[in-house]
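**Student:** Listed below, chain by chain, are the residues.
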Amino acid sequence: MIQFILNNERIQTTAHAGITLLDFIREHQQLKGTKIGCREGDCGACTVLVGALNKNTISYQSITSCISPLGNANGKHIVTIEGINIPKTLNTAQQAMADNYATQCGFCTPGFVVSMTGFALSTQDNNTALNSCNDAISGNICRCTGYKSIEKAGFDLVEKLQEKDKNHQIDWLINQGFVPDYFNTIPEQLKKLQQSTIQQQRSEGSTVANGTDLYVQHADTLSEEPVSLISDNTSLKGISFTDTTCTIGANTTVSELLENEQLRKGFPRLKSFLKLISSEQIRNMGTLGGNFVNASPIGDMSVFFLALNSTLAILHKNGTTRQIPFHKFHQDYKKYDLQKEEILKSIAFNVLEATSVFNFEKVSKRTHLDIASVNASARISVENNRIISAHFAVGGVAAIPKYAVKTAEFIIGKSINSEVIKAAQEILQSEISPISDVRGSATYKRFLARQLFFAHFIELFPTKINPQQLIAI
Amino acid sequence: MKNIDSYTHVRGESLFVDDLITRQDTLQGLVFDSPKAHGKITSIDYSKAKNLKGVVNIFTHKDILGENQIGGIIPDEPLWAENEVHFCGQPIAFIVAETELIAKKARALISIEIEELPIITTAKEAKEKGSFINAPRSFNLGNTKTSFDACDYVYEGKTFTNGQEHLYLETQGCYVVPLENGNIKITSSTQGPTQVQKTAAKVLGIPMHKIEVDVIRLGGGFGGKEDQATPWAVMAAVAVQHLNKPVKFMLNRHDDLRMTGKRHPYESTFKIGLTKDLKINAFEAEFLQNSGAAADLSPAIAERTLFHATNSYFIPNVHTTVLSCKTNLPPNTAFRGFGGPQGMFVIEAAIAKAANALKIDKRLIQEANLLAENDEFSYGQIATQVEAKSSWTTAKEQFKLEQLEQEIDDFNQKNFLSKKGISVMPIAFGISFTNTPMNHARALVHIYQDGSIGVSTGAVEMGQGVNTKMLQVAAEILGVHQSKVKLETTNTTRVANTSPTAASSTADLNGKAVEMACNLLIERLTKVASKMLSVAEKEIVFREDRVFINTKKSTLLWEEVIAQAMLQRIALSENAHYATPIIHFDKTVEKGHPFAYHVYGTAITTITLDCLRGTYEVDAVKIVHDFGKSMNLQIDIGQVEGALAQGIGWMTLEEIAYNNEGRLESNALSTYKVPDIFSAAKTIDIIPLKTAGNTLAIKKSKAVGEPPLMYGIGAYFAIEHAVKAFNPNYLSKFHAPFTPEKVLTGLYEKKSETLNH
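So the sequences go chain by chain: A and B.
Taking the working numbering, the leading residue of the first sequence gets 1, the next gets one more, and so forth.
Taking the working numbering, the leading residue of the second sequence gets 1001, the next gets one more, and so forth.
The hints are simulated quantities; they were obtained by calculation from the structure and are not laboratory data.
Remember, predicted model here, so these are calculated numbers, not experimental data.
Treat the hints with care, as some may be off.
Chain A is faced by these chain B residues, among others (derived, beta-carbon under 7 Å) [said to hold, decoys possible]: (1) 1169; (2) 1462; (3) 1620; (4) 1659; (5) 1684; (6) 1685.
Cβ atoms here follow ideal geometry from the backbone N, Cα and C, with glycine treated the same way.
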């Protein structure tokens, strides 16, 4: 039995936990405002909000319901476009969209409105820039408007939200017409629900966290076969620090990385790195573990954590944990060191020392919500102008996310100058073997790997490098 | 006035085909399509699929009671393949099952054997092998043979523009329901309800009157649902004819991408001749259109390429030829601009080539050749009310073009890893279906006895706001508040024999018909009101929901006049027919006056290039656009911004990829990228050009759907400008889209490596 609140209605269903939330909404509940655009999380027409009880308040996030298993709604508040409609009047996001002529054919519109309402409900404090709503709708594609009118609607919202009473957020949003008044009853409703919610049965089926990868390819299969949902497993979540180590649960989402203050301190440019990864909706769902076991040669999180020289903790069904260096995890194309009885538990890395710097690069056809042609990361420690340690990773240039060990070996002990970097780059070229595909020709990817390798040093050591010397062919 | 659908759109209450309430016994359809691009079908085994529980039937060409033919212009395309397949994704059979999932499982159980035949995927190869859709067409003006000799500079070159996926957010689909007596109702997401009706009748072997096609609205069309919404509706209709049960058929995104045609890729060659004063004296071009495996709308699209081959320039000697090349790709089809963008890209490339060679700014050549009043187009139409120079000059002055150019030069001097580029893109786009007989429309206006009004037209609402414009026309002429007018669905039983919603002209054609119908009603109501008020008819004016005597408000309300008209048995419904006057075109000599008018404008595009990573951002597009006298400026600006984004997408990141086997590799939204909010130009400024408007445009408000798409071509040349600023050795490729891959390659190409295409 799956129990949750859908808009203002309590749902108790015996529907299979593996069907998509989208199909449940549209077919079982006949709520047709949530649209089907692509069924792979790439258009946002099916965006809904998920509210999770957090003490006495609810934190809301936008997700794409097309690649989300119904079972993950258990114990949550799911909000569709119908659930934010206010009788006989438009809510604030809707009014802003209408006022700015931001709806043409109307098919993508509910998804945008839901994302924008999610933006209003967000408790993050960084929503002061006029264009900050753009991030919230980064996963919504519109083919009619060209976005300028939608962007303006976002400006209107940002302006209104500056007045938000953070202590009484929901009441304020209700008073300002952002959401209907039933929203302030949800914490109580969810509490009651959680008391009666039976813990979900762990079944023997495919292990699914938030589904962003599995449901793109296998939604039909998972809609019928047993699924083992691990999203609510708190032991696999969380970000913790010791003096020297940061440990992140495998079930941690990209958004959770972004929201973690200590991580943001450790990586001052974390936001600009992570905004290159998919969209708001997908970052809200996609987990580190999912990205690692997806084992794509171009996995953004894999490349990110490889250069951090991370260690992976793997949990066996029998309760034992083993640890392996992350760069040993991926073995060959889509092959990795994980037994059937095992799941990923966490990943850990040494926090950046004062001498260390980190950079992440990604180039794709479209800068946002796209899969990289090549991505790359570097962690470099320098003392007395000498490189004392270095780790490089490159994606999209081999059968697995490539940990460029020889390049690092070469550069350690050397000082930073164009000649050294160029020579290291030559080694990097010998370590990679890209193939041509829809994301670019092999020649292009090779060249891009070169450019991004140089980009690390241009970004990290701007005073020590003359870009002109470095990039000359 | 806002789009009349705004309220329900933002609430998710607007109904699309997939949202309709369906009958409980509704079945689901799914196409089984060819896995190969070309070959003979030697065997197909449906038995396993048919035996799967929940599969109702699988229909093939053998089940067609009428003709297995859906070709619109040329009858060369079967609904379902019979013995041969001609493209990957060609429909072979139609599975009908209790659920879509069962249908998908059944599809996986069908086994097929195909004896493969040679495959052609490019237009050039098709030309070499003599594989064409129809005979080539050529337009001629003056004499290019002799005039090149009189030129001081002559340049030749090649261009390529790739296709473009429509990516309407709502995929193709329909819901088909059996009625009594073998009648069938089709609700379709189509731009051409009559085309669906006509083709279904032909394939089912029944008269058109037995098929009703209804269209509520489309979740985007962009040309992709002009002709290519038809096969899906017809397939479902065949199934309904046999099963007498409702069938719903929504294509999933992958099927839609794989099976439907796109904007045509073009490979073209050009020769341009200029005199010392930079006047273009002669221009020749050969356009190889990659039409795909069947004609679809290709011949008409090819024709429009010729119409727009000289864009907004006057060239006294022109010889242009287009060849519709038959290949083993899905039949390519209409897409906003309809061959015009492909034509315009070539003349812009030719001008760029000349400018490169002469080491001058491209815009100097553009500026020296803009159309003037009474200039002749290569197809014989004399240009009147020309706004080419006025839009150019206004853009140049209002947006301080020379200052912008200076700023960009300065920036490029100061920055090494970042370069900026700028380009100017003028447009002239002809309005009318180039096939003259299609330029007509009808409107049916009912005034109900309570005074409320229902309007039906042949126009299909797909986000462009045509229904809002129709409502504005009706409300204004009838003198009632807009809330009194309702726009009905587009339905073939109310408005028959319609042309598709296309060619930017739907608001003009249908709006004029609404205008005529409302005028006829007002004529009758004026008589009624005149008697009621004992005032001369010429003094009666309907406005503000009542009768005015000249400018003076009377006490007589609209509703009272309508009630009186009912008592007097006056007809309160009117059906009007409009056909565009003036236009004609003689294909035997390729001369005439095909367009009611032209739309003009000029766009200035600036971009910034990251020369380390090969990525770019569009900084600003500043446009002076000829709206005529816009009847709804906000809706029209929305059309400009949306078309611009599509044009920029076509020129930059949207890359269709077929492999050598004719299989689509950009077959999902993860591999085919359309612009997102971050790829939109950071700034878009639009200044409406002050003009008198054109009387053939509805309320002098010019058509706006397609023309602005071609502003997007400016992005290509702005990127090229920035690439050259970094790498002076770069040689123009004129190969669109200018993807980050091509940019990075271009930034670092060496002189010796470059091939002059």
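**Student:** A separate judgement is required for each hint: does it hold in the structure or not?
**Tutor:** Right, here's what the structure says about each hint:
For residue 1169 of chain B, the interface hint holds, the least distance from its beta-carbon to any beta-carbon of chain A being 4 Å, beneath 7 Å. Interface restraint check for residue 1462 of chain B: the shortest CB-CB distance to chain A comes to about 6 Å, inside 7 Å, so the restraint holds. Hint status for residue 1620 of chain B: violated, given a least beta-carbon distance of 11 Å to chain A, over 7 Å. Hint status for residue 1659 of chain B: violated, given a least beta-carbon distance of 9 Å to chain A, over 7 Å.
Here the hint on residue 1684 of chain B is kept, as its CB sits about 5 Å from the closest CB of chain A, short of 7 Å. Hint on residue 1685 of chain B is violated. Least Cβ distance to chain A is approximately 10 Å, over the 7 Å limit.
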